[in-house]
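In terms of our numbering, the sequence shown is residues 2 to 238.
Bear in mind the hints are in silico, worked out from the structure with no lab data behind them. Take the hints with a grain of salt, since some may be wrong.
Subject to a maximum C-alpha distance of 25 angstroms in a straight line, what follows is the list of computed DMTMM-like cross-link-like pairs (lysine to aspartate or glutamate) [said to hold, decoys possible]: (1) LYS108 with GLU141; (2) LYS226 with ASP125; (3) LYS226 with ASP205; (4) LYS108 with ASP89; (5) LYS226 with GLU104; (6) LYS177 with GLU187; (7) LYS82 with ASP58; (8) LYS183 with GLU141; (9) LYS183 with GLU105; (10) LYS108 with GLU59; (11) LYS82 with GLU141; (12) LYS194 with ASP205; (13) LYS108 with GLU85; (14) LYS108 with ASP74; (15) LYS177 with ASP125.
Restraint ranges, calculated between C-beta atoms of paired labels, are given here [what the hints assert, rightly or not]: (16) ARG186 with ASP79: 32 to 40 angstroms; (17) ARG100 with SER80: 27 to 35 angstroms; (18) SER80 with ARG233: 32 to 40 angstroms; (19) ALA218 with PHE179: 44 to 52 angstroms; (20) GLU59 with ARG233: 31 to 39 angstroms.
Just so you know, these numbers come straight off a predicted model, no measurement behind them. For each residue, glycine too, the CB sits at the ideal point set by N, CA and C.
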Amino acid sequence: MENDNRKPNSLVVPGRSAGDAAHTLLKAVAASTPLIGGLAAELFGTLIQPPLERRRDEWMQSVALALARLSQDGVNLDSLKENEEFIDTVLQATHIALRSHQEEKHKALRNAILNTAIDAAPTDMRRQMFLRYIDEFTPEHLSILTLFDNPTGWFASEEFPFPGMSMGGLSHVLEKAFPTLKNEREIYDQMWKDLYQRGLVNTDGLHTTMSGNGLRASRTSELGKAFLRFVRFTGST
């Protein structure tokens with residue numbers, strides 16, 4: 002029997018998992034299909050398998066590194082083996098991450114894992130709901146929610162001047178913050194509707210005229226603030 006010289010809290014990125022059995026089965030089915038089977042199997046192996054494996058390996062490596070930093074900060078990683086909420090979060094976040102190439106989503110998912118690891122996550126019901134939101138939202142949804150949680154703070158952090166208006170609509174603030182959305186009213190209106198329908202913001206539209214103070218006020222609900230805490234991590238990682 003070989004000696005295991007790893008340190009107690011060292012992390013190893015897992016290799017092939019049970020989920021890869023699905024890939025093997027699909028490839029076998031494709032190979033057995035008359036006429037196109039050989040070509041389908043070859044295309045699956047050359048076009049789909051490599052990026053899937055690369056995406057999985059990169060994701061697991063990033064999670065392992067983030068958890069290793071937690072260990073350096075004194076978090077006992079061994080205790081996480083028995084933490085069912087943590088295991089659930091890792092599994093659910095991994096499924097979501099493998100379906101997206103967007104780093105903004107990956108960052109939100111990693112932060113959700115880290116917050117669960119340090120017991121800073123919300124209740125199990127909210128945690129599952131918030132993970133589903135990450136899956137459903139685009140990075141722009143997350144950016145818009147972050148902006149309107151603290152508009153003045155957002156502009157200060159980005160070193161942009163806040164729109165100099167005594168009156169106006171929230172849409173003016175949004176377009177100033179994200180110029181690429183300036184001619185995409187239908188898109189950002191739908192994004193706002195998505196946030197409102199999920200109870201994350203407390204204003205139903207972006208085009209009502211309001212005072213300058215109103216433009217600077219937070220528009221996130223308590224649920225929205227809880228969601229943002231879940232997808233952010235304030236530790237050293």
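Taking the hints in turn, this is what the structure says about them:
1. This hinted pair checks out: LYS108 and GLU141 have alpha carbons roughly 14 angstroms apart, not beyond 25 angstroms.
2. With a CA separation close to 17 angstroms, the supplied pair LYS226 and ASP125 stays within the 25 angstroms bound.
3. Using a Cα cut-off of 25 angstroms, the hinted pair LYS226 and ASP205 holds, with the two alpha carbons roughly 17 angstroms apart.
4. Of the supplied pair hints, the one linking LYS108 and ASP89 holds, its CA atoms being roughly 18 angstroms apart against a limit of 25 angstroms.
5. The hinted pair formed by LYS226 and GLU104 meets the criterion: a straight-line CA distance of about 22 angstroms does not exceed 25 angstroms.
6. With a CA separation close to 17 angstroms, the supplied pair LYS177 and GLU187 stays within the 25 angstroms bound.
7. The straight-line distance between the Cα atoms of LYS82 and ASP58 is roughly 21 angstroms, inside the 25 angstroms bound, and the hint therefore holds.
8. Only pairs whose Cα atoms come within 25 angstroms are accepted, and LYS183 paired with GLU141 is accepted, the gap being roughly 13 angstroms.
9. Annotation: proposed proximity of LYS183 to GLU105 holds, straight-line Cα distance about 21 angstroms (limit 25 angstroms).
10. The suggested pairing of LYS108 with GLU59 holds, with an alpha-carbon distance near 13 angstroms, which does not exceed 25 angstroms.
11. Distance restraint check for LYS82 and GLU141: the Cα-Cα separation of roughly 34 angstroms exceeds the 25 angstroms cut-off, and the hinted pair is therefore not satisfied.
12. With a C-alpha separation of about 7 angstroms, the suggested pair LYS194 and ASP205 falls inside the 25 angstroms cut-off, and the hint holds.
13. For the suggested pair LYS108 and GLU85, the alpha carbons sit about 22 angstroms apart, so the restraint of at most 25 angstroms is met.
14. For the suggested pair LYS108 and ASP74, the alpha carbons sit about 19 angstroms apart, so the restraint of at most 25 angstroms is met.
15. Annotation: proposed proximity of LYS177 to ASP125 is violated, straight-line Cα distance about 37 angstroms (limit 25 angstroms).
16. Look at ARG186 against ASP79: about 52 angstroms separates their beta carbons, and that is not inside 32 to 40 angstroms.
17. Taken as a hint, the range 27 to 35 angstroms holds for the pair ARG100 and SER80, whose Cβ atoms sit roughly 30 angstroms apart.
18. Checked against the given bound of 32 to 40 angstroms, the beta carbons of SER80 and ARG233, roughly 23 angstroms apart, lie outside it.
19. Here the CB-CB span from ALA218 to PHE179 is close to 19 angstroms, at odds with the stated 44 to 52 angstroms.
20. At about 22 angstroms, the CB distance of GLU59 to ARG233 disagrees with the hint of 31 to 39 angstroms.
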